[in-house]
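We have chain R already, so just place chain Y on it with the hints.
Just so you know, the sequences run in chain order R and Y. All letters in the first sequence, in the order written, are residues 0 to 93 by numbering that gives the first Met the number 0. All letters in the second sequence, in the order written, are residues 0 to 329 by numbering that gives the first Met the number 0.
Think of the hints as simulated: they come from the structure by calculation, not from any bench. It is possible that some hints are incorrect.
[To be verified] With the C-beta cut set under 7 Å, the calculated list includes, among others, these residues of chain R facing chain Y:
no.: 1; residue: His-21
no.: 2; residue: Ser-24
no.: 3; residue: Pro-28
no.: 4; residue: Asp-29
no.: 5; residue: Val-40
no.: 6; residue: Ser-62
no.: 7; residue: Pro-63
no.: 8; residue: Glu-65
no.: 9; residue: Pro-68
[Unchecked claim] Listed next, the in silico DSS-like pairs over lysine-lysine satisfying Cα-Cα at most 25 Å (straight line):
no.: 10; chain 1: R; residue 1: Lys-66; chain 2: Y; residue 2: Lys-34
no.: 11; chain 1: R; residue 1: Lys-66; chain 2: Y; residue 2: Lys-80
no.: 12; chain 1: Y; residue 1: Lys-34; chain 2: Y; residue 2: Lys-13
no.: 13; chain 1: Y; residue 1: Lys-34; chain 2: Y; residue 2: Lys-230
no.: 14; chain 1: Y; residue 1: Lys-171; chain 2: R; residue 2: Lys-35
no.: 15; chain 1: Y; residue 1: Lys-252; chain 2: Y; residue 2: Lys-196
no.: 16; chain 1: Y; residue 1: Lys-6; chain 2: Y; residue 2: Lys-218
no.: 17; chain 1: Y; residue 1: Lys-230; chain 2: Y; residue 2: Lys-6
no.: 18; chain 1: Y; residue 1: Lys-6; chain 2: Y; residue 2: Lys-287
no.: 19; chain 1: Y; residue 1: Lys-6; chain 2: Y; residue 2: Lys-34
no.: 20; chain 1: R; residue 1: Lys-2; chain 2: Y; residue 2: Lys-320
no.: 21; chain 1: R; residue 1: Lys-66; chain 2: Y; residue 2: Lys-230
no.: 22; chain 1: Y; residue 1: Lys-218; chain 2: Y; residue 2: Lys-287
no.: 23; chain 1: Y; residue 1: Lys-186; chain 2: Y; residue 2: Lys-252
no.: 24; chain 1: Y; residue 1: Lys-80; chain 2: R; residue 2: Lys-35
no.: 25; chain 1: Y; residue 1: Lys-6; chain 2: Y; residue 2: Lys-80
no.: 26; chain 1: Y; residue 1: Lys-230; chain 2: Y; residue 2: Lys-218
no.: 27; chain 1: Y; residue 1: Lys-230; chain 2: Y; residue 2: Lys-38
no.: 28; chain 1: Y; residue 1: Lys-13; chain 2: Y; residue 2: Lys-218
no.: 29; chain 1: Y; residue 1: Lys-171; chain 2: Y; residue 2: Lys-80
no.: 30; chain 1: R; residue 1: Lys-35; chain 2: Y; residue 2: Lys-320
These numbers were taken from a predicted model, which means no experiment stands behind them. A virtual CB, placed ideally from N, CA and C, is assigned to each residue, including glycine.
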Amino acid sequence: MSKEWPLWEVFIRGQHGLNHRHVGSLHAPDAEMAIKNARDVYTRRNEGVSIWVVEAVHIAASSPEEKGPLYEPSNSKVYRHPTFFDIPEDVGHM
Amino acid sequence: MYAQLVKTAGTGVKTREEMSDDERNFQDRVDRDEKIEPKDWMPDDYRATLIRQIGQHAHSEIVGQLPEGNWITRAPTLERKAILLAKVQDEAGHGLYLYCAAETLGVTRDELTEELLSGRMKYSSIFNYPTLNWADIGAVGWLVDGAAIMNQVPLQRTSYGPYSRAMIRICKEESFHQRQGYDIMMKMAQGSDAQRKMAQDALNRFWYPSLMMFGPSDKDSVHSAQSLAWKIKIDTNDELRQRFVDQTVPQAKYLGLTIPDEHLKWNEERGAHDFSEPDWTEFFNVIKGKGPCNVDRMEARVAAWEDGAWVRDGLLAHARKTSAARTAAE
Chain R
0 MSKEWPLWEV FIRGQHGLNH RHVGSLHAPD AEMAIKNARD VYTRRNEGVS
50 IWVVEAVHIA ASSPEEKGPL YEPSNSKVYR HPTFFDIPED VGHM
Chain Y
0 MYAQLVKTAG TGVKTREEMS DDERNFQDRV DRDEKIEPKD WMPDDYRATL
50 IRQIGQHAHS EIVGQLPEGN WITRAPTLER KAILLAKVQD EAGHGLYLYC
100 AAETLGVTRD ELTEELLSGR MKYSSIFNYP TLNWADIGAV GWLVDGAAIM
150 NQVPLQRTSY GPYSRAMIRI CKEESFHQRQ GYDIMMKMAQ GSDAQRKMAQ
200 DALNRFWYPS LMMFGPSDKD SVHSAQSLAW KIKIDTNDEL RQRFVDQTVP
250 QAKYLGLTIP DEHLKWNEER GAHDFSEPDW TEFFNVIKGK GPCNVDRMEA
300 RVAAWEDGAW VRDGLLAHAR KTSAARTAAE
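Only chain Y is shown next, with the shape it has when bound in the complex:
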């Protein structure tokens, strides 16, 4: 999930008696699957939680360009390079769709950027892992984008109109990302021994961090219960993780690769795979800034923002000057 550990504002789900008239009308609209639009009345906590969630999602798309951007200059063929370039450009676009959706809730783009750069807002833990070789680019597309799709497809039905519309656009484009990743994995897995080893190594390193993308179990969380009631969260983290594992196991099998989990097995009774939990201590460390690449990622974002300041200011000054000259001429 691109938005992990989003803290839901408020104290949990209210009973109908505890709700004000406005809150009751609002909840009824959500229950009827009506979309909530920017100018509609909404509880302050719904607005605050959505800004956090969409903001974190947008930041993840933007920071998510870095591990893959790392390989644009080193892609093995011109075709792979063009494909990767298009994918990374898509991620930038996805970040922009989401920032715009967040802005409809009354936060500005600069505020969101500053929250990211100051570390007050987070991005997905997955982007704090390095991409060490070309097989990692395959694994990222296959697993990381695969996990993102698992989370984003249900969010197309989220209650907030602008967020839902952004998710629909994103999902349309995201499938290409996963397939290009799997395509790289197929080439590697069917290649030489050395290539197959690289593919297996990439799977070994990205498997558990991908499972962490969905966040820790939240089936007993009052905050998640509120987000589910507001339909800004559609499934629990465990449901999404299970779906991801069940979908990925046969894909790994086709590649002839082994998922690095000795406890992974089909459970006939549940009709689903049993699997090992990732190391949640590692997850919380990465979230706190102690992952392998946290410092690099933030430095890259801060440098992009600061080095681009003169361009932003220059273009704005030019626009104001031309507009003033035009007004004077009229």
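Excised from the complex, chain R in its bound form:
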């Protein structure tokens, strides 16, 4: 069995109600230590008000080869953007 501590991915929520955001990773023996280490490594300058840690092996990720099938369908759907519709200036701000 490996003697290396598992790898954890760290997510921090900054001030003002923003989403938790991935900031990096670190090694720790368990979740409790991962949070303590994340505090020291990633919030030395008040970067956050909340920390999530997830063991890296539990993250499922899409692969670069799936880029086409995953994202191309939305390319042709320009009507999903508000700028697709011309609204006459007389109508005012919409």
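Below, chain Y without anything else, positioned relative to chain R:
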């Protein structure tokens, strides 16, 4: 530069005809300034070179704690002590960001540590010089961190996503390091005669080792040409060194200190300073392990790793036991 003499894998830049389809697509993405991410296809040599470069950079951050850590207990005031402690803690953090970036390339943390401790991987030559007195802590922050910033700012644009993101974080924090060093130098230079002498002495000893941080001239190196094409190196060593000298000269002048180089002068035609090269024989000796502190630095790292083994093992055993108990209870 925190990563010096990184050997670029491969035989130099290939022409488009020599490249495979994958290699051509890869180079096109790099040329378009797209970031390469861990799961993307990349040439084996790109991966190998990056592991060496990021690994060496990370080791430098970790070993770099030692010369400054030396002065934490002897800082002249409580405020200076707190500041130095925060700076040294930052260096540990920078090492960790970089190790994580290297690990995304398929190398483990333990492998990187073992490469450092066995001497197969290097760290920057600058950390093999001693910090003899308090003025040296000023000189290290001002010159050594100044040179590091010179190298790291362009690397924020490097092609490898995780490395670039680590560099952005590091650069945000690094400016404090240089300014606290210059602040120490200002106090010393404006102090008593004895203090001014100490400041000048520190500058004398750290000037050439700082110039060595950028590594020897590599403008004709095929290996550097490959690293530049891959955008894991952004400027040549000479360009960075010149920029560092041009930036530092007025700062030394403000302090009223003299840079220990009688050939240093402004060259109107080039719009840059002419200056003397450091002693490259000394540089290669330090790299080979014959610097003033190489043995001490490695001994300190090996002792930290070996003395900490029981803590690492104990915490892991505890984590496994608690997790097994939790599973059994469910």
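Structure-based check of each hint:
Interface hint status for His-21 of chain R: violated, as the beta-carbon distance to the closest one in chain Y is roughly 10 Å, over 7 Å. Hint on Ser-24 of chain R holds. Least Cβ distance to chain Y is approximately 5 Å, under the 7 Å limit. Because the beta carbon of Pro-28 of chain R sits about 4 Å from the nearest beta carbon in chain Y, less than 7 Å, this interface hint is met. Of the supplied interface hints, the one on Asp-29 of chain R holds, with its beta-carbon coming within about 4 Å of a beta-carbon of chain Y, less than 7 Å.
Among the interface hints, the one on Val-40 of chain R holds; its C-beta lies about 5 Å from the nearest C-beta in chain Y, closer than the 7 Å criterion. The restraint placing Ser-62 of chain R at the interface with chain Y holds, with a minimum CB-CB distance near 6 Å, inside the 7 Å limit. Because the smallest distance between the Cβ of Pro-63 of chain R and any Cβ of chain Y comes to about 5 Å, under 7 Å, the interface hint for this residue holds. Checking Glu-65 of chain R against chain Y: minimum C-beta separation of about 10 Å lies over 7 Å; hint violated.
The interface hint given for Pro-68 of chain R is violated, since its Cβ lies 16 Å from the closest Cβ of chain Y, which is over the 7 Å cut-off. With a CA separation close to 15 Å, the supplied pair Lys-66 of chain R and Lys-34 of chain Y stays within the 25 Å bound. At most 25 Å may separate the alpha-carbon atoms for a hinted pair to count; Lys-66 of chain R and Lys-80 of chain Y exceed this at roughly 51 Å. Taking the CA atoms of Lys-34 of chain Y and Lys-13 of chain Y, the gap is near 21 Å; set against the 25 Å cutoff, the hint holds.
A hinted pair counts as satisfied when its Cα atoms are at most 25 Å apart, and Lys-34 of chain Y with Lys-230 of chain Y qualifies at roughly 10 Å. Using a Cα cut-off of 25 Å, the hinted pair Lys-171 of chain Y and Lys-35 of chain R holds, with the two alpha carbons roughly 22 Å apart. In summary, the hint linking Lys-252 of chain Y to Lys-196 of chain Y is supported, as the alpha carbons are separated by about 15 Å, within the 25 Å threshold. A distance of roughly 15 Å separates the Cα atoms of Lys-6 of chain Y and Lys-218 of chain Y; the hinted pair therefore holds under the 25 Å criterion.
In summary, the hint linking Lys-230 of chain Y to Lys-6 of chain Y is supported, as the alpha carbons are separated by about 15 Å, within the 25 Å threshold. For the suggested pair Lys-6 of chain Y and Lys-287 of chain Y, the alpha carbons sit about 15 Å apart, so the restraint of at most 25 Å is met. As the CA atoms of Lys-6 of chain Y and Lys-34 of chain Y are separated by approximately 22 Å, the hinted pair is consistent with the 25 Å bound. For the proposed pair Lys-2 of chain R and Lys-320 of chain Y, the alpha carbon gap of about 14 Å is at most 25 Å, so the pair holds.
A hinted pair counts as satisfied when its Cα atoms are at most 25 Å apart, and Lys-66 of chain R with Lys-230 of chain Y qualifies at roughly 24 Å. For the hint pairing Lys-218 of chain Y with Lys-287 of chain Y, the CA-to-CA distance comes to about 23 Å; that is within 25 Å, so the pair holds. For the suggested pair Lys-186 of chain Y and Lys-252 of chain Y, the alpha carbons sit about 15 Å apart, so the restraint of at most 25 Å is met. Restraint check for Lys-80 of chain Y and Lys-35 of chain R: satisfied, since their Cα atoms lie roughly 24 Å apart, inside the 25 Å limit.
Using a Cα cut-off of 25 Å, the hinted pair Lys-6 of chain Y and Lys-80 of chain Y is violated, with the two alpha carbons roughly 38 Å apart. Note on Lys-230 of chain Y and Lys-218 of chain Y: the hinted pairing holds, with a Cα-Cα distance of about 15 Å set against a maximum of 25 Å. A threshold of 25 Å between alpha carbons decides the hint, and for Lys-230 of chain Y with Lys-38 of chain Y the separation of about 18 Å falls inside it, so the pair holds. As the CA atoms of Lys-13 of chain Y and Lys-218 of chain Y are separated by approximately 18 Å, the hinted pair is consistent with the 25 Å bound.
A distance of roughly 22 Å separates the Cα atoms of Lys-171 of chain Y and Lys-80 of chain Y; the hinted pair therefore holds under the 25 Å criterion. Pair hint Lys-35 of chain R plus Lys-320 of chain Y holds up; C-alpha atoms about 20 Å apart against a cutoff of 25 Å.
Comparing the model with each numbered hint stated earlier shows that hints 1, 8, 9, 11, 25 do not hold.
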